[in-house]
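With chain A's structure known, arrange chain B on it following the hints.
Listed below, chain by chain, are the residues.
Number of protein chains: 2
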Amino acid sequence: MDRRLFLGFTASAAVTAASGSLLSVASATASGRYTARNPLLLNKNENPLGMSSRAIEAAKKALSIGHRYAGDYVTVLAEELALNEALKPQNIGVCNGSTRIIDAVIQNQANKNATIVAPAITYDQAQEATVNWNMAYQAIPMLADFKMDIAAMEIASLKIDGAVLVYLVSPNNPTGRLTPSNSIMAWIKRAPDNVFFLIDEAYHELVSDPLYKSAVSLVKGGYKNLVVTRTFSKIYAMAGMRIGYGIAHAEVMSEIKRYYASWNVNIVAAITASASLKDHAFFKKSFDENQTTKQMVYKTMNKLGLKCIPSEGNFILHEIGMDLKPYQRAMSERHILVGRDRGTGQRWNRLSMGTVEEMTYFIDQFQRLHS
Amino acid sequence: MDRRLFLGFTASAAVTAASGSLLSVASATASGRYTARNPLLLNKNENPLGMSSRAIEAAKKALSIGHRYAGDYVTVLAEELALNEALKPQNIGVCNGSTRIIDAVIQNQANKNATIVAPAITYDQAQEATVNWNMAYQAIPMLADFKMDIAAMEIASLKIDGAVLVYLVSPNNPTGRLTPSNSIMAWIKRAPDNVFFLIDEAYHELVSDPLYKSAVSLVKGGYKNLVVTRTFSKIYAMAGMRIGYGIAHAEVMSEIKRYYASWNVNIVAAITASASLKDHAFFKKSFDENQTTKQMVYKTMNKLGLKCIPSEGNFILHEIGMDLKPYQRAMSERHILVGRDRGTGQRWNRLSMGTVEEMTYFIDQFQRLHS
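So the sequences go chain by chain: A and B.
For the record, in the first sequence the residue sitting at position 358 is 361 according to the numbering used here, with numbers rising by one throughout.
For the record, in the second sequence the residue sitting at position 9 is 12 according to the numbering used here, with numbers rising by one throughout.
Extracted from the complex, chain A is given alone in its bound form:
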């Protein structure tokens, strides 16, 4: 394992730039805020800011038409998303969370008896689906630096007869790690006809690394062998609203849409999503707060000698310096809920970012636990 890649062992400019002054906010003021019934939630990759005020205003108005099917508003949202990507509405599939599009793509491939190729470790949505559809699933170990081993995945895919579905979360979850997009893109471009790609870009808007490029450019380039999925859950703080979308060649999207009821979208979610798209100030605030809190955690873990995987998501996979179960218990006693085992071993945890104030409390409690 190339330890230099782990921020716990670096003193990067980014880490030293972390807003240390924020840590001086006395945790004493925050400690009384959380209770057993209202704990600090750092376990589910939710955006702690809550929906933007513009989104909430739009949602309140939308409630007056909660008895109407969302059709027209889904059409509007698809047009807005298409415009943002310089694509056509036919390239967009709006759905109840990107999960539903992911399922639809997998179900389509199940009908082709596809084998799924995916990195280990990654989001478990695809692997869970294989049970229902009796699909083969090949988990390809990641590189020591937790980047996806694109070369090994490509070789594995070439050995498979028949359809292959490659499932890549970029940046990956639960590691947060970015695999440079050029290696993914090059593979998609040269892949044979039997290989189809599902590129899950749930954390797309949170990325700051210049080595990242959305795979949507390939859709624009006319490639028919991929679907890109996106969500309003993360940057727009709408996890509970369940709205996301897929982006693909119009012919591909048309085929995928057969696998879900396209009218089955919540009308409040559709209208809220449209409002969120226009709230650029919230977008920036959401991005900035996530960058700031990640630096706070990097700095803390660095100080404690605990490794972190550099994250381009809204969470950090990091060493906890003890086994997971006692760690969960100890944090729970401090009214903080942290993650569960995500196949990353018993001494690691995927920590969701709270607000700066919330992370100040978390860091204080984490340091006390390790002092």
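One thing to keep in mind: the hints can contain errors.
Said to hold, decoys possible - Computed from the model, here is a short list of chain A residues facing chain B with C-beta under 8 Å: (1) Gly-53; (2) Asn-135; (3) Ala-242; (4) Arg-261; (5) Asn-269.
What the hints assert, rightly or not - No more than 20 Å apart at the CA atoms, straight line, and that leaves these computed lysine to aspartate or glutamate pairs for EDC-like: (6) B:Lys-63 / B:Asp-75; (7) A:Lys-63 / A:Asp-282; (8) B:Lys-115 / A:Glu-131; (9) B:Lys-64 / A:Glu-60; (10) A:Lys-115 / B:Glu-131; (11) B:Lys-223 / B:Glu-254; (12) A:Lys-260 / A:Asp-75; (13) A:Lys-260 / B:Glu-131; (14) A:Lys-260 / A:Glu-82; (15) A:Lys-63 / B:Glu-60; (16) A:Lys-64 / A:Asp-75; (17) B:Lys-47 / A:Asp-75; (18) B:Lys-310 / B:Asp-344; (19) B:Lys-227 / B:Glu-88; (20) B:Lys-64 / B:Asp-282; (21) A:Lys-306 / A:Asp-367; (22) B:Lys-310 / B:Asp-148; (23) A:Lys-150 / A:Asp-212; (24) B:Lys-260 / A:Asp-127; (25) B:Lys-63 / A:Glu-60; (26) B:Lys-47 / B:Glu-361; (27) B:Lys-115 / B:Glu-254; (28) A:Lys-223 / A:Asp-196; (29) B:Lys-227 / B:Glu-258; (30) A:Lys-216 / A:Glu-88; (31) B:Lys-287 / B:Asp-212; (32) A:Lys-47 / B:Asp-75; (33) B:Lys-260 / A:Glu-131; (34) B:Lys-192 / B:Glu-254; (35) A:Lys-150 / A:Asp-127; (36) A:Lys-260 / B:Asp-127; (37) A:Lys-223 / A:Glu-258; (38) A:Lys-64 / B:Glu-60; (39) A:Lys-281 / A:Glu-292.
Since the hints were made in silico from the structure, they are not lab data.
Glycine included, every Cβ here is placed at the ideal spot set by N, Cα and C.
Just chain B now, kept in the frame of chain A:
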């Protein structure tokens, strides 16, 4: 065809009891209300009342946690629904509209290579799914009175080797017709092990016919060969919120849940549904308004000599006295949107009920068209 069964040819007590006085509300006051951009919507079986004020209040509060996944609130809703049915939460599967549960049941049966047996005509959800899963679909003609031919369906199912999925909407859509529940229940009770039933009770809460009984009693009786689906779209006026549920034996529900992401429920919808369940006044108002408006339509069609199928839903399938396309055009010119062809022939339309005021305007315009 037994014409006596069609209200257009009867002078039943129910028809004469219709609130004729309501018709005297001058349509002139209403006619200016609808425009090409804001037409009267009588085409999608939406509940015109809009969500209850209690539901809207709950929804507004819920928006402050739109960034949180719905998990806990789905659990609460499942407990409330279970309590209402004297069942356990494990018997309930809450989902994004009952459509998603219907899909999950079909997908489960697709894995068993099931043949679907359903009446013709019925809701097209199941038939559409067969295309994706390459399932055989047997459409069994209805009786002349538009009741489902349960005997013919049972005989058809007995001739099929392997798994059979019987899809019954009760009361049926788009006919609105009730098939007496005792014949359905008796079949479910004596069916062999290869036959599974999907009983879609979307209009359950709107039924007034004493010959109707929910198939949930069979779930209570321990039967494992059925799933009953319900929705908040109709009686609770929440079509755009997308929330519904399935009811089945705990083992069956556990198997069905594998086919959908149970956490993929909109948090506002879950909370609004819980609030709606407690709003008994709205429930009664919703039921009563639907009964009243149906009687208004029966009376009008009777007067014009146009047949109606007696409906236990929130819509009426009725003769329009002309072909569908020119009818749609003529009503559209009057700023009223009516239904599309639902396999019921070119001289019939499935009309959704509006409010009493809306139906007064509709009836006035319909009568002018036929004068």
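Straight-line Cα separation of Lys-260 of chain B and Glu-131 of chain A no greater than 20 Å? The given pair, whose Cα atoms are some 12 Å apart, holds under the 20 Å limit.
CA of Lys-47 of chain B to CA of Asp-75 of chain A, is that 20 Å or under? Answer holds: Lys-47 of chain B to Asp-75 of chain A is near 13 Å, not above 20 Å.
Can we keep the Asn-135 of chain A interface hint, with Cβ of chain B closer than 8 Å? For Asn-135 of chain A, the interface hint holds, since the closest Cβ of chain B sits about 6 Å away, which is under 8 Å.
Within 20 Å, alpha carbon to alpha carbon, are Lys-227 of chain B and Glu-88 of chain B? 17 Å, holds
Below or equal to 20 Å on CA atoms is what counts here, so check Lys-227 of chain B against Glu-258 of chain B. 11 Å, holds
With 8 Å as the cut and Cβ atoms as the points, is Gly-53 of chain A at the interface with chain B? Hint holds; Gly-53 of chain A Cβ to chain B Cβ min 5 Å, cut 8 Å.
Can we keep the Arg-261 of chain A interface hint, with Cβ of chain B closer than 8 Å? This interface hint holds because 6 Å falls under the 8 Å limit.
Is the Cα-Cα distance between Lys-115 of chain B and Glu-254 of chain B 20 Å or less? At roughly 17 Å apart (the allowed maximum being 20 Å), Glu-254 of chain B and Lys-115 of chain B satisfy the hint.
Let's test the interface hint: is any C-beta of chain B closer than 8 Å to that of Asn-269 of chain A? 5 Å, holds
Run the distance test for Lys-306 of chain A versus Asp-367 of chain A: straight-line Cα separation, threshold 20 Å. 13 Å, holds
If you draw a straight line from the CA of Lys-150 of chain A to the CA of Asp-212 of chain A, is it 20 Å or shorter? With a Cα-Cα distance of about 14 Å, the restraint between Lys-150 of chain A and Asp-212 of chain A holds, given a limit of 20 Å.
Proposed proximity, Asp-212 of chain B with Lys-287 of chain B (alpha carbon, max 20 Å): 16 Å, holds
The structure shown violates none of the earlier numbered hints.
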